[in-house]
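Undergrad: Heads up: the sequence shown runs through residues -22 to -1, 1 to 521, numbered per mature numbering (1 follows the signal peptide of the UniProt record, and there is no 0).
There's no promise every hint is true.
Below are the DSS-like pairs computed for lysine-lysine, each with C-alpha atoms no more than 30 angstroms apart in a straight line [claimed, not checked]:
#1 K120 - K10
#2 K364 - K86
#3 K95 - K503
#4 K147 - K22
#5 K120 - K503
#6 K272 - K180
#7 K86 - K147
#8 K95 - K323
#9 K364 - K377
#10 K22 - K86
#11 K10 - K503
#12 K187 - K120
#13 K95 - K120
#14 K340 - K377
#15 K147 - K180
#16 K187 - K275
#17 K180 - K120
#18 K86 - K503
#19 K272 - K187
#20 K95 - K10
#21 K86 - K10
#22 K187 - K22
#23 K323 - K377
#24 K340 - K120
#25 K187 - K10
#26 K364 - K503
#27 K272 - K120
#28 K180 - K275
#29 K340 - K147
#30 K147 - K95
#31 K10 - K22
For the record, the hints were derived by calculation from the structure and aren't laboratory data. As the structure is a computational prediction, the values presented were derived from the model and not from experiment.
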Amino acid sequence: MVRKSNLVCVFLLFLAINGINAEDPYRFFTWKVTYGDIYPMGVKQQGIMINGQFPGPQINCVTNDNLIISVYNYLNEPFLLSWNGLQHRRNSWQDGTYGTTCPIPPGKNFTYMLQAKDQIGSFFYFPSLALHKAAGGYGGIKIYSRPRIPVPFPFPAGDHTVLAGDWFKRGHQRLRHILDGGRSLPSPDGLLINGRGWNGYKFEVEGGKTYRFRISNVGLTTSINFRIQGHIMRLVEVEGSHTVQNAYNSLDLHLGQSASVLVTANQAVRDYYVVVSSRFTSRVLTTTAILHYKNSKIGVSGPPPGGPTTQIAWSLMQARTIRWNLTASGPRPNPQGSYHYGMIKPSRTIMLSNSAPWINGKQRYAVNGVSFVAGDTPLKLADYFKIGGIYNLGSIPDKPRTGNAYLATSVMHADFRSFAEIVFQNWEDTVQSWHIDGYSFFVVGMDGGQWTPASRTRYNLRDTVARSTVQVYPRAWTAIYIALDNVGMWNIRSENWARQYLGQQFYLRVYSPAHSWRDELPIPKNALLCGRARGRRTRPLRG
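Whole structure, please, built from the sequences with the hints as guidance.
TA: Structure representation (structure tokens):
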């Protein structure tokens, strides 16, 4: 009989080989992904549920915790989860996009092995294949600071997750059929808060106490504004960065963005509206939840408070007020401001321009004139097994190009440990939202019109916020600085899921010639192999 101590040693060795740090705590999750009936807008729909829940289970963890998440796919089609904001240090194998990870086949399971390495803050997970996100399957992620790391505010009396966004009554297969047919999605039918419609969700508070609200825009196509009737919100964190604690009556969140606010229950004991409304849409959509004071006998009444009446200028000015708290500790005890990003000269400037071309008679979306199409094998596996013909480096240029847009499995090269400037240039009339997997970056500037080298004189090189998702306003630009210190194959995409699905994305291959565990963790022993990688064997590990 194998002794229990030997089994533990084998398990720890397995975790270490797969990039899991045995010195940090483990948190184990078993998730069953199924279809189920949901009624978010009063009509029955087929939703994607995790352990019978919509939204899915909350992940609560502490900096550097190891997360062992075993996902069983009981859908009738492949499924894949991605982790919006978790940086997967040296581990794009676990990123959960089709460029890095094979989908979980129907009736099969896959165990993600993640680490919240040197991270804090508010994030969420979501289904990344097809349009599964339109059916649910998402949930919140809270990463708390280690007990010995000071946090720049008193521990709140409660910690509420708010997953808000637009919703369609049409099922995800129907929406996908619309996009596959070369047409644009219709306008969403409404908005949800934690999977519920109008006044369908309740947040309970106690008078005189302060609560943390972690808000994420998990929608498909729409920016939102968040506010709480009669209460001021104090912003304290944005996607893993402690912020200067400015007070706001309402807060804009663009697709894929997350933020934490502190709210003190300092009003009369009664119920108040929690309001989410759409931004930059021709028809303003609104939904509400309830802020319920303990022992309240008075419900909400009258109309909910309105949101901002001005559009781009108001939102742009608010975005510029979101600053890094230079004296606060991040996930480590040193102050956030000890990293002087503004004193590093970028070695490369990349300019990315979105567009909405028609290709082969169908609506597509593109970056620098290239509309992404997935290969038959995940790009990360093609790299590992040296399978040619899946993609070509340089298949997307560093700068916008002239001429007709075209389809390609677009991958851009980047050198490990380089420091880059990326400019997102938007000449369309809609707000764009961009996300970079595996990284946080510094939002150094945003303004209207055409970016030029002279625009750098207006950059914030002292205390701009570090985050993983950023908006670009219509006919405007946004510039970021990014330290490319995370080896791997990383997805850069539109957070508008229709645009992402129809090609507004590409992969950044951050490359180190050393091929060392110090730079990148080895392929997981449990890695799914699909496409032209099916049936192959992994190479010997290298230290």
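Undergrad: What are the numbers of the hints the structure violates, in ascending order?
TA: When the structure is compared with the hints, numbers 22, 24, 25 and 30 turn out to be violated.
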